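Given next are the chains, with one letter for each unit.
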Amino acid sequence: MRVDYLVRRLIQFVIVLWGAATLNFILPRLAPGNPVRERLLSALATGGYQQAGIEEMVRAYNEQFGLDKPLYVQYLLYLQAALQLDFGYSIASYPAKVLNLIMAALPWTISLLLVSTLISFVLGTLLGALMAWPRSPRFVRHLVLPMMALSAIPYYLLGLVLVYSLGILVPMFPISGGYAIGSLPNLSWAFIQDAIYHSILPALSIVLSAAGFWAIGMRGMMVTTEGEDYVVYAEAKGIPERGIFLHYALRNAILPQLTSLALSLGTVVSGAVVVEIVFGYPGVGSLLFQAIRSLDYFVIYGVVFMTVLAIAIATLALDLTYPLVDPRISYRGA
Amino acid sequence: MADTSVTLEPPVLLRLREPGRWAAVRDYTRRNPDMVVGLIIVVALLLVSLIGPFFVDVRQAQPMRAVPGQPPSARYPLGTDDQGRNLLAVMVVGLPLTLKIGFLAGAVGLSIGAILGLSAGYLGGITDTIISMIVDIVLTVPGLLILITIAASIKTFISVEVLALVVASLAWPRPTRTIRSQVLTLRERGYIQVARRSGVSTPEIILFQLLPNLLPYLAATFVAAVSATILASIGLEVLGLGPQNDPTLGMTIYWAINYNALLRGMWWWWLPPIIAVVLMFVGLFLISSGMDEIANPRRRRVV
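Chains V and R supply the protein sequences, listed in that same order.
Read left to right, the first sequence gives residues 0 to 333 (numbering that gives the first Met the number 0).
Read left to right, the second sequence gives residues 0 to 302 (numbering that gives the first Met the number 0).
With a straight-line cut-off of 30 Å between C-alpha atoms, the simulated DSS-like cross-links for lysine-lysine are:
(1) R:Lys154 - V:Lys96
(2) R:Lys99 - R:Lys154
(3) V:Lys68 - R:Lys154
(4) V:Lys96 - V:Lys68
Covered stretches of chain V (chain R as the covering partner; in silico rule of three or more C-beta atoms under 8 Å from a C-beta of chain R):
(5) 160-172
(6) 310-324
It should be emphasised that the hints constitute simulated quantities derived from the structure, not laboratory data.
Since we're looking at a predicted model, the values are computed, not measured.
Heads up, the beta-carbon is just placed ideally off N, CA and C, and yes, glycines get one too.
Can you make the complete structure from the sequences, with help from the hints?
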């Protein structure tokens, strides 16, 4: 791997983060209305107090959140804070720090996403390969239409249907939350079991829908690969069918799948975020949803920045390991 | 001077056998059933919203116009929701609204993508480097989350049109990428070379030589963009970040979740919009994969 590719890739990485941070800085300042003021007004309205002294309170809070300094100072301070992953305090649940809120939610999201993405990728890719293989059983080759339909359904809509069918009509699984009500998150075996039990439905809705997506993509690639000369040659040489399938067709067709995995991480995460909301799963998505409802801007921007960061790291890692999978790619002069 | 290029005719070989029009349609249907089924689904959905208003009072798509919380009955075939909307009317009104968001946003995204893709692909050099880099960067970012920050910042002003624009703001990278790669292969073709050598200006080549040849790809890209933008808009709406006063499909699902329709067994509230959305996606997907087969002959069915 050439050094200049690495450098270019790292520059791209930095630009992504800078862009996300800057967007987060600009957007709230373009929007009309002062979040601090609105928040205070709504708090006062629910409390039933008089409005006296609200301007002083707004000023005090503005000072605390640094909203009274000139814009460029705010921007530089903001970038510095973003570098340290310091997103300030949550407005809605002050004095909780945004980073702490995110860190509490992150393990839930990462474990749910990692497991369900891995399962769906492997399952979907295998199914897709089999769907295109001329000697597969007939029923497998007729899976194309159902898979297409599954891939066309957004995760969260499938989630709604699953909640209703497997959670309410036939109450096999809990319909919401990440663990039994009343228990406290800890690392005991009983709690982990409970957490897995609660995550089955959200995971299932991601797996089903994403597997369809991977299967359709893989099928297309397999169909092209099967027509290649080297597959015909392998057949003529008398290599056993299983060998041709695994080492000739599948091995080559899987490469674009990996590229599209790297490209679609963002979409996968976005979809999972909404799934969490449907299931009230205690991850980053639900945190984001609460923040949107209470216009808790700092939490919204913190969550978005952290997610962009996570995906940028994952994409970078996938890109850099790509030459290991496909020796033809060395990023030389690319 | 520009005339030299115009005299180039499409190859005659393609017209060896000229079947009758209906035979052509039948042949085409047999060769490309995906596209036909997809078109039928989308046209059927459009028909619901065209014919629907003759059978149901569309004003009942607004709250407080019907008895709230009714299961399906003869009077309300799809029941009503908690806020007193007739859900059949909601479907009739919501379907075209959701499609409208998709078409608006898809058109904006495609236009930006076409401009950027044509410039990047045809001009090459530094223009290409910069545009490609931006596209690469934006493609890896979790789009929906960026849209969420934008939409959350302007939550109170979101109408159907504004939502379409918000979604369109991230709908251009994929079209840009597809169009750029097509332009890269087209620009080396003979007729473009001839046009260039005979002194046709760059804008003229782009407008009169490249663009017409890009049309099938543009159409395929447009359908893909429509389906992607509808997906994004429904994602935003399910979070409550949609037009608060318009009964789009996504907002209907949002209200259903918000009022706990799932737990309360009010399946008639959330199931029809989901079915409509899924049909819409399957239809658009079939059309775009069918169009792919036309646009990229290499992908034509081998099996």
